[in-house]
Every structure is written in structure tokens, then in C-alpha cells.
Amino acid sequence: MKVSIVKYNAGNVQSVLFSLERIGISATVTDEKEVLTTSDKVIFPGVGEASSAMQYLKSKNLDELIVNLKQPVLGICLGMQLMCKYSEEGNTNCLGIFDNHIKLFKGEIKVPQIGWNTIYDLKTNLYKGIKENEYMYFVHSYYAEVSEHTIAKTNYGLEYSSSLQKNNFYAAQFHPEKSSDAGQQLLENFIRFAK
Amino acid sequence: MITKRIIPCLDIKDGRTVKGINFENIKDAGDPVELAIEYAKQGADELVFLDITATNEKRKTLSELVTRIAKHINIPFTVGGGISSIEDVSILLNSGADKISVNTSAVKNPQLIKDLANQFGSQCVVLAIDTKFEDNDWYVYLNGGRVKADLKTIDWAKEAVALGAGEILLTSMNNDGTKDGFAIDITKQISEAVNVPVIASGGAGSMEHFNDVFKNGKADAALAASVFHYKEITILQLKTYLKENSIEIRL
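Note that the protein sequences, when read in sequence, are chains A and B.
For the first sequence, my numbering begins at 1 and goes up steadily by one.
For the second sequence, my numbering begins at 1001 and goes up steadily by one.
This list has only true hints and no planted wrong ones.
Far from chain B by the CB rule (all over 12 angstroms, computed), these chain A residues:
1) S59
2) L62
3) K85
4) T92
5) T124
6) S147
7) R192
Derived DEER-like restraints, expressed as beta-carbon distance ranges:
8) B:K1108 <-> A:F193: 49 to 55 angstroms
9) B:K1152 <-> A:Y56: 38 to 44 angstroms
10) A:R192 <-> B:K1179: 44 to 50 angstroms
11) A:E132 <-> B:E1244: 18 to 24 angstroms
12) A:M1 <-> B:V1147: 51 to 57 angstroms
13) B:T1178 <-> A:N167: 54 to 60 angstroms
14) B:T1178 <-> A:K85: 50 to 56 angstroms
15) B:K1019 <-> A:K166: 49 to 55 angstroms
16) A:N167 <-> B:S1085: 42 to 48 angstroms
17) B:K1152 <-> A:K106: 27 to 33 angstroms
18) B:S1085 <-> A:S51: 22 to 28 angstroms
19) B:V1147 <-> A:V29: 38 to 44 angstroms
If you're looking for bench data, these hints aren't it; they were derived computationally from the structure.
Positions of the beta carbon are idealized from the N, C-alpha and C atoms, including for glycine.
Using the sequences provided together with the hints, build the complete structure.
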């Protein structure tokens, strides 16, 4: 099994690497087209700011590459937001894999949301063996609205998409690599079942 | 619903866990990684590692330790102690830390918070404040509580959040080590004054104290060291108790 992690300017990937190691996967961190397009699975992580991340992806032609990947891709946190159509963060046009818009949390809540929150209405094999209302670890200020692509929901001031899926593209707003055993299970599911 | 977080804190010296009271009579308490794994198993929501050596020659030991921790635990952790530059932070984050905390260096150079937030994102910048109540107000203390800054805690918290701090770790020196409970009033004041999570620290002695700081202190998380180290309270026992008291908790 060849697993690659997209290398770009958004955040460190050490935790994702270690998390994969714990399930026996040795992944490669790369921005090389040849390696990414021939991987069995691709992980697109990210912590940081949307517009600078998109700018960087474009400068390396990684934007087109990611959109055209045919193998299962898992976006995490900012990675998931960048896979959507548009983000309010820096007024950024993103990859457009999912139609969702990314909006800033508002109202009587603390922003960013930092901590453990529940996920529910779980769909697809990505959540096999993970129970409804399981806790996952979130760190984010922007959210994706609920749409036809939603495969998990979370409530923080309002109900939003904590996970999306369309064809071979999967995404999670929370950090599976930091979400204890349930998060580990999700990564394992992606590696084993995602098509 | 987002949960309240329980955060055990481990003091680190020369790559080992140490226990002591007010930094005196420090005793070796084993391998931090083993203790971290144990806390994670018990249900800790996050961990904080505070390096009390924090001298330049120890930096390498610390980054190696951070890598070992990241390899073995699957919950988030923060590393603090003597961090004063973008380079320090870069090394720790690349070694696998999720967040870093700054204290004295940020008071001396507030621009550091802004630079760190711009470079790495607010979500990984925790501002630690040591605070003491005197002359009818709460003031900021530096250098591990040895030096008073001419700065009111509430003002500094607001300024730091405006600069980009993503969380505040608030330790009351009046309460620390007393086991008489957290400083409810300043925790509540800060929590209501800023729009980022506040971690209360200092004074935990019983399960009721945690209940109190969440309900009345409006804390988003509570940090403690000795009650967990000395197994006076187990994390599971504490979380079960809090859940019974209608506090949102991950169990």
C-alpha cells in the first residue's frame, strides 16, 4: 500500500505520519506529481490560512493535480476546507471538489472552536465501527454548511458538516490523528475501505 | 456539544518528568512518555508539557522528547517553557507538538505573539499567564512567578488575544499549590473578556473544584498536575463525576 501526504505550506504533518505508523503504514510526504498520482491513497492535511495555502498550491500546480486525482483522497481540517468551492477566509476561491462554502463561526461562541465535540448522522465506510455521537478533536474558526455531500455532522452554535464525501474524495474537519482511538479507526477505515 | 477539557500537566527537566512543590525538592518521576500514555489511556483530553530546564543546551533533548511523545500518543499536546522565538516554535511543531505556550517572552516582546500567529496560526499559540492578586487587582508575573510586571492580567489577556493568541492558560499564583480550588473570579473575568478558550490552572484539590471552575469560573478547560500525579483523583473518576453534574465531558 502506497500512501502519500501532500506536501505544501500549511501546517506540520508529523502527527499524521505517526498516526499512520501506528496502523503499520509508512507514508511519503511529497509534492511530486509522479508520486502523488501513482499512490494508492492520498492524504491532504492542513493547518493554517486558506488564501496563502491556495496561492501556494497554485504556484506548484498542485491545485489541478489534486482535483484530478482518481484514487481515494482524504482532506483533513484546512485540507477539507480547501477542497470546497469558496472560503470566507481571505475571500478565497478553493478547489471546488465539494460545492460547499466555508463560513466563519459567528454568535455567542468562542472562535476558534478548540476541543472535543461529537459527530453524528455518520455515513459511508469511513465511519465503520465508529459509533454515533463519538467525540473527535476539532480546531477551527471556519465551517462547511450541511449539503448533499455531508457524511457527518457536528453542532457548534449551529449544525455543520464535520465530514464530506463525493466520489473518491473524503474529508474531515476534525483531526483524526489527534482524536484518540476513534480517530485512529477512521484513518484505518480510509486506508482499508475508501474507493 | 463541545466538551470541557481535562488537562494533566507534566513538568519536564532534562527530558524526565519531575515532581516537586513550587519547584523545590524536585524528584525524578519517570519517563514522560510512559506517563503521557497512561494519562491518554485514562481519558485525558490534552496534555501540557512544561520544560522547567528550558536552557539552550537542553533544547535538543526537548525536541527529541516531543518526537517520542508524538509517536506514542494520539491526543493533542502543548509544549511550553522558555520559548522565545519563531525558530524555537518551528522546531517543536516540526517535532510533533500541536501547540506551544509562551509566557515571559511574550510580555517582553508582544510582537512575538503576532509573528507566531501569522507564521503558524493562532490555533497553536497558547498564551500562559501567571497571575497574582494584590493591591486589589490581578497582575501579571514573569520568570516563573518571580518578577512582577507592570501589567493588569485582564489588559494583557485582551491585548494578547488581539495580537493572535488562540488560547489562554491562566495560572493563579495565589491558588497554585494550595489545593483550595481554582481562582474563580479572575478565570470568569478573563473568560468573559476574550473570545478564545481559557484554561484554568492552579489550586485543584478535589473534584468539586473542577465542577466549580467550569460552572462558576466559565473555564473551557482545567489543568492540574499533583492531584493526577499522586493519584489523589483519577481522570476517569473525575470525568464521571463531572458528567453526573451535567457538565459536557468526553467519556
